[in-house]
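Student: Sequence:
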Amino acid sequence: MIRYAWIVLALLIATCAQAQVPDTAPQTAIATRLDALAQQPLGVLRIGDHTLGALVSRFYAQRADAPLWQSAARLRALDDALDGLVDDGLAAQDYGGDRLARDVLRLQEHVPMTDAQRADIDVRASAAYLLALLQLRHGVLDVDTFYPDWQATPRWSASAAWLQAAAHAAEAGHITAAFDAARPSAPVYAQLRTALQRLRDEAAAGGWPALPAGLALEPACRTRAWRCCAGGC
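The sequence shown maps to residues -19 to -1, 1 to 214 in mature numbering (1 follows the signal peptide of the UniProt record, and there is no 0).
It should be emphasised that the hints constitute simulated quantities derived from the structure, not laboratory data. Warning: the hint list may mix true and false statements.
What the hints assert, rightly or not - Between beta-carbon pairs, the in silico distance windows are: (1) A6 / G188: 49 to 55 angstroms; (2) S140 / A6: 29 to 35 angstroms; (3) A186 / A97: 44 to 50 angstroms.
All values reported here derive from a predicted model rather than from experimental measurement. Glycine included, every Cβ here is placed at the ideal spot set by N, Cα and C.
Turn these sequences into a full structure, and let the hints steer you where they fit.
Tutor: Okay, here's the thing in structure tokens:
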């Protein structure tokens, strides 16, 4: 009887020990997906002194590669915030917005997924989030590539504090607030956003009146028209 009691006790101890072993499969899948991102065109995209792939890897390193976007509500907040960038002249589809919308549905409907599939959703969402933050702040054009001699401002370098702040905003679901903070604070930027929104509204309402049909202007006619505009008729 004592022998059986020891066997039962040993089995209980073994079961408890197994239960206490943390599941590291999600982190392993994230690490594998990060390695793949580093080799893809999006991953080698340069922003300041960094590639996007390196920034996303650092972003996850601060979290010990723990997933961030496995909540449908959090991922939807990102998708909605990306849609809101239209008045900045940025298109949500450039950040994988269409695919993110499908990912939201998969999470909402609890579609069975492997760790690798979940990691793919997570890393793509983080890449979109960081890229949008950076392009809001520094623009889409790589100034160093097109204007290598233009050194108006120091080259930007991502700090650990910046990455932590970005992660905390995402964890809290404050994606729109993070984008608001990333935008240039110059009044002229706000004016440009307002002007773009007004033009988009005009286009949606039918656009501008079309010129009435008539004779085409030949070169000589255009010259005379310019002279008339200058008061020379």
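Student: Which of the listed hints are not met by the structure?
Tutor: No numbers; nothing is violated.
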